[in-house]
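Number of protein chains: 2
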Amino acid sequence: MYDFSKVSRSDLPAPAIRWSGIPQFNFVGGHLAPESIPIEKLRNASNRVLSEKGSLLASYFVESGPQGYLGLREYLVKKLDRYSSISCNTDDILVTSGSSQAMDLINWALLERGDTVIVEESNYGGAFSRLIQMGVNRVAIPVDNDGMCTDILSAELARLAAENVKPKYIYTVPTVHNPSGTIMSLERRKQLLELASKYDLAVYEDECYADLVWSGDRPPSLYGLDKESRVVHIGTFSKTVAPALRVGYIVANWSLLSRLLSLKTDAGSGALEQMILAEFCEEHFDNHLSELNKLLKMKLDTLVAAIDREFGTSASYDYPPGGIFLWLKLPDAVDTELLAKVALDAGIAINPGPEWSMQKDSSQHLRLCFAKPDLKNIEEGVEALARVCFERFGIPEFGSNQPRN
Amino acid sequence: MYDFSKVSRSDLPAPAIRWSGIPQFNFVGGHLAPESIPIEKLRNASNRVLSEKGSLLASYFVESGPQGYLGLREYLVKKLDRYSSISCNTDDILVTSGSSQAMDLINWALLERGDTVIVEESNYGGAFSRLIQMGVNRVAIPVDNDGMCTDILSAELARLAAENVKPKYIYTVPTVHNPSGTIMSLERRKQLLELASKYDLAVYEDECYADLVWSGDRPPSLYGLDKESRVVHIGTFSKTVAPALRVGYIVANWSLLSRLLSLKTDAGSGALEQMILAEFCEEHFDNHLSELNKLLKMKLDTLVAAIDREFGTSASYDYPPGGIFLWLKLPDAVDTELLAKVALDAGIAINPGPEWSMQKDSSQHLRLCFAKPDLKNIEEGVEALARVCFERFGIPEFGSNQPRN
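Chains as they are written, first to last, in the working numbering: chain A, 1 to 405; chain B, 1001 to 1405.
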């Protein structure tokens, strides 16, 4: 067999390993609840768009140009206004193949090896892994219950300026922070933008989970608050409609969008998925989201109850105001990277803290995603995880108020 | 307005310009005939997959793993066997967002600035533009009516070996060559593979148009003939079902697929489009293709008749055995890059030869895509093009056997 490693670049990431299927207890990945997929409404939307506009599929970009299906961008203009306090028009939006492609395009346009960016100390693992792969330095700012700590951001920006280091952007997940679920306060948002203005920096706002807020209350997005057009904003329908529909978007001014477009060499993102989504969302998104959030909160409550029961005082967490994940801290004796390995052998998948965090104590943290498993699977999975953890680390000693043995 | 060029990489391609809509006579782009989109059958397929498998959309990769929806890969195994004489299994296939993404992944994995590849002297403009952007040297091999001229390939490979230059791959569009429509003979295919074996080179086979052969007769693919697993094969449904469905694929051995997978950071290609396609193709692909080819041949015949009428002896071409484009040669006095500019001002879009060719006389060539326009638009477009050409270059002097003035 010809070995293509002979002609491959030397700086590639590690080759993939064969997919090994889905573990019995799957607490990783931004999957959604299967029962939340609005199958009938998507069917109806698909029927309508195919009937009325099916022949558009004969053209690349469905005659809407490379920024994405116009009907979806028109819906997004309304949605961004309603949900994110963003006033923009269809020319400010680039539809992407999920927010994953959005992240790649932004990084490819802006980053070179050796560059520096500001990130939140704990954050989306995929954002971190991309930066590590690109050889970009991450300056980490802690997040507390009000979001990114802008006092520390201020100090770090002053330090970097003194060292003549100009960060390429400030990356933040301000609304339903990944992994903590925190919502950045309005005051912090204003402070962040003031600092960006003072140091003339770009801001990269990732609002992928922002619609999943139990109360529905959220401050305006950074993009919406920004008066200087220095924010690039990304979002997705993966977390609100269906992950396997690969439809995300970027909102930014033309000096960035024009560069991202020239890097988007995929001849357009899937148009039928865009058309179906636009049709579905116009009529159903608001109600669908409200139902979804109820379901997710119920799953979170089940998860939290199971953790309280199985881990007791060994586990600490802040109850998140939204999202699909819980950020958990275990005692010092536990190493979650090791735990993730032994857990996977037992059919339980978790995200160990160091993949999601640059905190010193990240090895005591883990992230549990709760949207996909059903309530019984959540309960059994937490019980199984506690048992594996006890067997390896002697913690938690008690489960359901009984000593383990 | 914040200017993101301040934080952009210095080596980006030129920023995009605003999309300006679709010209009245559009002879560019791999669009299909709008009347050929199987709307009703796609609707039925969509209804079935959503009803039966809609909840799979809750999971990234629809529980099939990152290589793509298993149902589509299962169909592809059968299709590749039937149409391309390829014997493979679902593990050998990576589903991509169109063949555009397939091309990017292969290039990203294999190519660095300063590398050398073998290409066909005239070829897909998007393949050329990618290589130019990456700073890769192209060694061009002419194509005649039997495909790539393997005697010249042999001489060039010997020359490169003497210079210690090892090409990263031999790129070819063997079946319905872009832009000439040529089908490489079986003998040439075997010679190409022998040369690849002799020099231990990878072969990159692009079969994007290969299903569009009027007669249905075609030799086995290079991948199917290769005994040494040195061919990477790409294909797409864009040219047979719908361009705006972004579903292509790569067939290769694991030493390459594993590297492509680690570069495919988009969290999967659109799953609903894959599911609908698989459902549609299982039942309808063969008949659909046969109808499509009849329609395309009728459009080609209309185009050729219009060219004969309007350009007369000023235009020469080989009638292609398939595809969606005609490769045309005009007299020396015409510069097709200039013609493309003045034509666009008159609402006529064409591909000037130099975008598609490294031939010395590429400026006398142009490519006309004929799948999208209807018969009347083809006729009027050719008439308009001839008039613009005459006004700028004094050629063709006659149209419909009458002198122009």
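Keep in mind that the hints were calculated from the coordinates and are not lab data.
Be a bit skeptical, because a hint or two may be false.
What the hints assert, rightly or not - Covered by chain B, per the in silico footprint, the following chain A stretches (three or more residues, Cβ under 8 Å):
1. 24-34
2. 45-51
3. 65-71
4. 87-100
Said to hold, decoys possible - Partner residues aside, some chain A positions facing chain B, computed with beta carbon under 10 Å:
5. Pro15
6. Pro38
7. Leu42
8. Thr265
9. Glu273
10. Ser363
Said to hold, decoys possible - A few chain A residues that face chain B, going by a derived Cβ cut-off under 10 Å, partial list only:
11. Met103
12. Ala244
13. Ala252
Just so you know, even glycine gets a beta-carbon here, dropped at the ideal spot from N, CA and C.
Here is what the structure says about each hint:
1. 24-34: As far as the stretch 24-34 of chain A goes, the hint holds, because 6 residues have Cβ atoms under 8 Å from chain B.
2. 45-51: holds (count 4)
3. 65-71: n = 3 at 8 Å, threshold three: holds.
4. 87-100: This one holds; 4 residues, not fewer than the three required, reach chain B with a Cβ under 8 Å.
5. Pro15: holds (4 Å)
6. Pro38: holds (9 Å)
7. Leu42: The hint holds - A/Leu42 has a Cβ within 10 Å of chain B, the shortest such distance being about 6 Å.
8. Thr265: holds (6 Å)
9. Glu273: holds (5 Å)
10. Ser363: Where the cut-off is 10 Å and the nearest Cβ of chain B is about 25 Å from A/Ser363, the hint is violated.
11. Met103: holds (8 Å)
12. Ala244: holds (4 Å)
13. Ala252: Constraint on A/Ala252 satisfied, holds at 7 Å.
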